[in-house]
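In order, the protein sequences belong to chains A and B. In short: position in the first sequence from 1, add 69, done, that's the working numbering. In short: position in the second sequence from 1, add 3, done, that's the working numbering.
It is worth saying that the hints were derived from the structure and are not from the lab. Misleading hints may appear alongside valid ones.
Unchecked claim - Here are a few chain B residues that face chain A, going by a calculated C-beta distance under 10 Å:
1. Ile22
2. Phe25
3. Arg30
4. Glu32
5. Phe34
6. Asp36
7. His42
Where a beta carbon is used, it is the ideal one built from N, C-alpha and C, also for glycine.
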Amino acid sequence: MSQSCFHCLEPIPSGFDGQVTYEHEQHPVCCIGCQAVAEHIIAEGMSDYYKFRTVKAGKVENLVPDQLKIIESYDNDAIQEDFISHQGSLNEVLLSVEGISCAACAWLIEKQLLALNGVARVDVNTSTHRAMILWDPSLIKLSEMIASLHNIGYKTYPFQADEEASQKQAVAKAYVRRLGVAGIMTMQVMMFAFAMYFGMFSGMDENFEEYFRWISFVLATPVILYSALPFLSNAIKGLKAKQLNMDLPVSMAIFGAYVASSYATIMHTGEVYFESICMFTFLLLLGKYLEFRARLKASEFTANLHKLLPLTARKLLESGEELIIAAKQLTLGDKILVKAGETIPADGLVIEGKTSVDESMMTGEHLPVSKIVGNQVFAGTNNHDGVITIEINQLGQNTLINQIIRLQHSALTKRPKLVEVTDKVAQWFVACLLLFATATAIGWYPISPDKAFWITISVLVATCPCALSLAIPTALTCAVANLTKKGILIKEAHVLETLPKVTRFAFDKTGTLTEGRFTITDVVTLSDSYDKETCLKFAGQLEHFSEHPIAKAFEDYFPNNRALDNVEVCSGYGIQGVIQNLNIAIGKPSWFDNYESDAQAVLFIDAKPVCEFKLSDKVRNSARNVIAQLKSQGVTSHMLTGDSSNSGRLLATQLKMDSVQSACTPKDKQSYVDDWASKGEVVAMVGDGINDSPVFNSAHLSIAMETGADISKNTADVVLLRSDLVAIPALITVAKKTKLIVRQNLALSLIYNGSILPLAALGMVEPWQAVIGMSASSIIVICNSLRLLKL
Amino acid sequence: MSIIYVLIPIAILFVLIAIGIFFWAVRSEQFSDLEKQGHSILFDDDKEQHKKANERD
Chain A
70 MSQSCFHCLE PIPSGFDGQV TYEHEQHPVC CIGCQAVAEH IIAEGMSDYY KFRTVKAGKV
130 ENLVPDQLKI IESYDNDAIQ EDFISHQGSL NEVLLSVEGI SCAACAWLIE KQLLALNGVA
190 RVDVNTSTHR AMILWDPSLI KLSEMIASLH NIGYKTYPFQ ADEEASQKQA VAKAYVRRLG
250 VAGIMTMQVM MFAFAMYFGM FSGMDENFEE YFRWISFVLA TPVILYSALP FLSNAIKGLK
310 AKQLNMDLPV SMAIFGAYVA SSYATIMHTG EVYFESICMF TFLLLLGKYL EFRARLKASE
370 FTANLHKLLP LTARKLLESG EELIIAAKQL TLGDKILVKA GETIPADGLV IEGKTSVDES
430 MMTGEHLPVS KIVGNQVFAG TNNHDGVITI EINQLGQNTL INQIIRLQHS ALTKRPKLVE
490 VTDKVAQWFV ACLLLFATAT AIGWYPISPD KAFWITISVL VATCPCALSL AIPTALTCAV
550 ANLTKKGILI KEAHVLETLP KVTRFAFDKT GTLTEGRFTI TDVVTLSDSY DKETCLKFAG
610 QLEHFSEHPI AKAFEDYFPN NRALDNVEVC SGYGIQGVIQ NLNIAIGKPS WFDNYESDAQ
670 AVLFIDAKPV CEFKLSDKVR NSARNVIAQL KSQGVTSHML TGDSSNSGRL LATQLKMDSV
730 QSACTPKDKQ SYVDDWASKG EVVAMVGDGI NDSPVFNSAH LSIAMETGAD ISKNTADVVL
790 LRSDLVAIPA LITVAKKTKL IVRQNLALSL IYNGSILPLA ALGMVEPWQA VIGMSASSII
850 VICNSLRLLK L
Chain B
4 MSIIYVLIPI AILFVLIAIG IFFWAVRSEQ FSDLEKQGHS ILFDDDKEQH KKANERD
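Whole structure, please, built from the sequences with the hints as guidance.
So, in structure tokens, the structure goes:
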């Protein structure tokens, strides 16, 4: 029997022996939550989930009454207004679902919801982690659906799609429609074209030929006027901005050939090339769509900023009553209650209570900051242990989190735009091409006015920078797809171009080089009357009641029996209580007796130190290797950390890094990177917190951890989905290979274009031959790019 | 051979219907998540099977 949980596949803690029956066998589970979920899934006949899932399920936590209250508040009409749309008598909502990992999850969710009375339609998207639900509000409440999803282990909250995302979705759909029309119609037109080719050899009835031409005209028209329209509008947009883009010769060839072929059809003269232009359109569109799709997928993956701020707030009325309202409806001066574990919805001053707040998302400091009456708290930060009342003094755009977002946006415009270089080259190429085509037209006109037009079209089609324009995007798309499979998400096209040039890697410490999780490395007893075991047990008892990150290190030592009384958290020092008539306390060494030690936590019994605990944040296994590998490639590594303690320096020596800067504010990090950049270094920044997001914009390249803050993932160029540094060397390898393939592609397409150009200009290439040549060169380029998938 | 004057327009009609169905499929999000649609064939309505399996025991 396996020793991992049947549902979430996590190790089973000692002392818990829950089991579920699946296919007549007993399987162990790790907690009551997982047991309940697994039993529910099996009892409802949805056990297929366990057969087909490809990724483990998330760990399940039980809903506490407070969370239930928040979920119920989603039924409130004023709150619903923000995220619900109506379709006749039905309501539609988009839910963001945490923990969707594969198709099996989607199936499970759809199945669970559709079994409820009143749910009309469910559509789960596994790539965006969102579920669309259409339901009848008179039959079922939104909160009931959310609670039922919780029963099978998914945390869910309403999602507000932002403008940009929905626009991108619309563009994607338009692409698919255009591609579909072009594909279906091209097949039809080709059929008639073949009939006409063979007719040319075997002699075809003129009536038939005429008829086929008209049919081709009718079938090709939607392709040109619908599918190829974006090329024309892009070309015009470019011209208006006084720029020559790749779309210009493309649309000249397509629309020129279309107009000429239509003219030939109507006037019964000359040749028609409907099949050529249809195929041309289809192939070009396909390349563009694949490129767009890769980018879309990458941007969808990173979560939305909305997730950072809660949708609801507990407003305190004059009468002292508590009312859950939409966070949007808060006004300045409102008093709100924030309970332990909740996210603060707006910036404000604490007017009652004391607590500690996790501001790591803002500052990178992973220790909670204690807040008492009169202190400022910030929207988006997490209230750790106490209940506080705050009076709101900043809303919306003025909150600190929004200021940080603005800081990013302003830095974003200053980002070095390497992509522009490629655009410039393309401009020159297009300009030369147009000049050459014009020269061909002028040269041929006196010789043969009939042929001049078609030869010019041939030149445009044959030398169409198609292969050239595919050379870079296809290689990038394949590289991106390959990296996505490896759990590396590329959000910006320039990443692969920049990577081979990087000379410095800057790393954040907590959460990047380390896992951001404390473990006990050493236990030293100071008294003979208590052994290590007892000390750890005592510490485990006490720390169970603490929310401090250090407390998590003692999680494993919590005995199942609770024998603790009078627990008291002493803010800034530690936690104390009474066990077996002993006053025990754990916390700072200097708590009692002015005891001095370099340990992070000391256990006191009756105010006497009895045991020292040395803790360390676990260093990621791969860190040392990755830094050594970078060094072997001549890339230096540096640490920029917000942590002010000595641990950064120690870690850097241990990992053999080239330099360390500790106690950095986000601004400091930015100025270090700017300084390096001004000295001509190409800098890549690897980080995870909100405090890293401004520096991400200064660095030439930014890499974020999946476990990091949403905001940093949104800013970063690359997201490491497995939060594993091993991805960095892999990324560099792929980037170097991509560079090579891009060069090969460019060489191939330039050789093709260069050799076909004189032939086409001399009138030796018919338009249909030009299309074949163009397609062949494109296919060769695509095949070459496909090699990147197999790295 | 003149039958093709009639048959080809009919064929085009079919093509138009196909495009109509395609547009409908795009609108109803069938192309937004290709991975899920690809897997969905693996899951059958095993509620019935489940019952049967229980009855067999």
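*asked:* Please check whether B:Arg30 passes as an interface residue: C-beta within 10 Å of a C-beta belonging to chain A.
replied: OK, holds: B:Arg30 within 10 Å of chain A, min 7 Å.
*Minimum Cβ distance from B:Phe34 to chain A below 10 Å?*
Check passed: Cβ of B:Phe34 comes within 5 Å of chain A, closer than 10 Å.
*Does B:His42 pass the interface check with chain A, least Cβ-Cβ distance below 10 Å?*
holds, 3 Å
*Going by Cβ atoms only, is B:Phe25 closer than 10 Å to chain A?*
Holds - the Cβ of B:Phe25 comes within 10 Å of chain A, reaching about 5 Å at its closest.
*Interface hint outcome for B:Ile22 [beta carbon to chain A under 10 Å]*: holds, 6 Å
*Against chain A, is B:Glu32 within 10 Å by beta-carbon distance?*
holds, 6 Å
*For the hint on B:Asp36, just tell me whether its beta-carbon gets within less than 10 Å of chain A.*
With Cβ-Cβ at 5 Å, under 10 Å, it holds.
When held up to the earlier numbered hints, the structure conflicts with none and fits them all.
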